[in-house]
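Visitor: Chain residues, written in single-letter form:
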Amino acid sequence: MTHTNLFLRIRSWLVMLIATVMLQATAGIVYGDGHGNSRVPMPSTETAKGEKCVEPEDVMKRKHMEFILHQRDKTMHEGIRTKQYSLKNCVNCHADPQTQSVLGKDGFCESCHAYAAVSIDCFSCHTDSPEEQDAAVSGTVFGSIFDSNITK
Amino acid sequence: MSLNRREFLGAGAAAVAGTAIAPGIRLIELASARSPEDAVSMQQRWGLLIDSSKCAENCSACVSACHEENGVTDEGSPTTDAQWIRKVTVKNPTSGYSHSLPLMCQHCESPPCADVCPTGASFRRADGIVLVDKHICIGCRYCMMACPYKARSFIHETITDQKADAPRGKGTVESCTLCVHKVDRGDGTTACAEACNKEGHSAILFGDLNDANSEIARRLKTEASQQLRADLNLNTGVRYQGF
Amino acid sequence: MKKVHYTMIEGTSLGFWSLLAILGAFIAAGLASSYYMEHHGHIVTGMTNQIVWGTPHVFAVFLIVAASGALNVASIASVFGRKLYKPLGRLSALLALTLLTGGLAILVLDLGRPDRLIVAMTYYNFKSIFAWNMILYNGFFVIVGAYLWTMMEHRMNRFTKAAGMAAFIWRLTLTTGTGSIFGFLVARQAYDAAIMAPMFIIMSFSFGLAIYLLVLMFAYRWTERPLGDAVVYRLKNLLGVFVASVLYFTLAYHLTNLYVTEHHGVEGFILLGNNGGEIYSKFFWIGQIIAGSLIPLALFYMPVFGKSRFFIGVGALLVVIGGLCQMFVIIVGGQAYPMSLFPGMEVSSSFGDGKVADYSASLPEVMLGLSGIAIALAATAFAIKVLPFLATSLADEVADPHYQANDAATGAEASA
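Those protein sequences? They're chains D, L and F, same order as listed.
Residue numbering for the first sequence follows numbering that gives the first Met the number 0, beginning at 0 and increasing consecutively.
Residue numbering for the second sequence follows numbering that gives the first Met the number 0, beginning at 0 and increasing consecutively.
Residue numbering for the third sequence follows numbering that gives the first Met the number 0, beginning at 0 and increasing consecutively.
Bear in mind the hints are in silico, worked out from the structure with no lab data behind them.
Any given hint could turn out to be false.
Claimed, not checked - Okay, the calculated bits of chain F under chain L, using three or more residues with CB under 8 Å as the criterion: (1) 49–56; (2) 117–127; (3) 284–297; (4) 345–354; (5) 364–370.
Nothing here was measured: the structure is a model prediction, and the numbers come from that model.
Glycine is no exception: its CB is placed at the ideal position from the N, C-alpha and C atoms.
Could you put together the complete structure from these sequences and hints?
Guide: So, in structure tokens, the structure goes:
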């Protein structure tokens, strides 16, 4: 008898919990539609360098995490250091020229991740600043020639 | 703007790849300058040969250079600060003879750290370099318990201003990477070896143990050398001589 | 022997809620400590690059070892068919689960990256005894959970023996795994010994039974349920055997090391306190040997004390404290002694080579360790309130299979 009561109580808690989570999610869809009237500031997507990204923008938006995760294992375990999907390459282009960082309130990575409420784990170890100037510049120019060879 | 070595080699490798006769067959096989899209292979086994008779007792250029190259900073806490390489003074208690040598990860062929690591974050790359994959390191420190050379450090505090080539962060374990970023771009040396040469001691030699024509392989073939804790039979990539 | 009934404890008294509140405060302090340690990094603990495992691991390994030992009481009934132990089985399996939960909670919260627990569950290096342990620990929850079910659900009773056997084998494997964490370490002088695995098994027998006896006596006294001498004396006599066995294994371990010249340094360090090992030799001799082994043996077997519930309780508590001391000596003492990098040479460096490492536990570490014990006890207290783990009576006429009516007078007196 007491068991049944306990189970019923647990079940009612679960129902409450699920209902709350669903309500929150719906609220997110209603308010966070990204058309200016959201409570969360819009992310900054301005990039100073380069004309276009290594993939079309909509692909990058959805899949950048897969690209860098795949590249991460390739680089770490096999020593494959192609530039196209390397995190270093992301930072080199997307770092704010003023702050020299992809983080911060208007930083390329952080502002969007704050908007999407997804935490970034990369920069607890990786630097958020681009490489030293001359290396970074030559890296971009030659890197692009080079990338066209390797991404076929 | 000058073409640095890395870009030069990169472009060169791409050109070579372009002149391939047929898929998979290349006209020229580049020995050391592996192109960035190729995986490391067991054809190489990178290592160091350290001659302690050439190592000056009061010199720590290798340590400074390593820590500069990899952004390992002194946080003012000797017991918790990371040390990828350190100078060890070894004294014979009976004769009093004392000498010093640099000690770092020995890049074992059968690394005890990799054996005990629960997630596989500690591993040996095909070319013999032992690394920590900090993406999957959970910070359990079992590898530090297992390493016979005390070569590993745990990061005890938040770290900022990391080098782009040496990511490191709180809560994970790290050690000498044999300057893997330099090896991968074909520098053919490590920060410690460079610094030692610059000081005029040339006590540290970097090279490919598998390449019979390399200086390191030639010297290992013709001169006496030894492994630290050779009794453990770990086949280290770092070898010593001079004591 | 009468039929055994199990009932939940009422758990509505002010005392019960106060107990939960106190344990809750310890758990909260432990969680706060863990957050503090994670936020600032392990710099706020006493752990260093020399002593990489500290106080949290002392408590965690102790609890994990005790967990598998606590299951023994149930195993003796199911596997070895001893009737007296049968009504004790449910609490035994419950304690096994809660102690393991407490121990693992500490281990996980002490990780450098506790947020990556999912990584630990998804990436396995099968050569690592740690990875094996993760499977063994998780499996332990499943198997002991199933075992409990067969004990508590009438229709499942016929599977109890099979489940008990599986759980028994599993727990021996688990403790072998825990001992091998140290046994498989070639690098350090104090470890790298095959005896570690069996020694940890016998330690688990001792620590687990001591905790079981304490919880049993405390719960029955507080809820005013009858607990007969037959059960108490049997358990304390068994505990005495286990304590003596741990002493034997300790002796064998140190004798082996003392014979081998290579190990004289580390033995002098632990046993005699040479080279700054005073703290470890004190923990060894005063904590583990005198307080944790010799005094309890005297209390259990000397007729003056052996009949007193109070002294039996003190003895069991001392076994627990001695066990924690033993863990401290093994884990911290084993790391404090310098590694032999250049055998026969004197070494020195900026990284503590050739030097005994200092260690002083910080408050957050200690709180985290204590919170593991609090988690185990709070979970146990809560569980016996919501499900019937405890026999309503363990008076001699209920529990003792050899109980005879003419003993009734003395039996009733004892349990009164």
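Visitor: Identify every previously stated hint that the structure contradicts and give their numbers, smallest first.
Guide: 3 and 5
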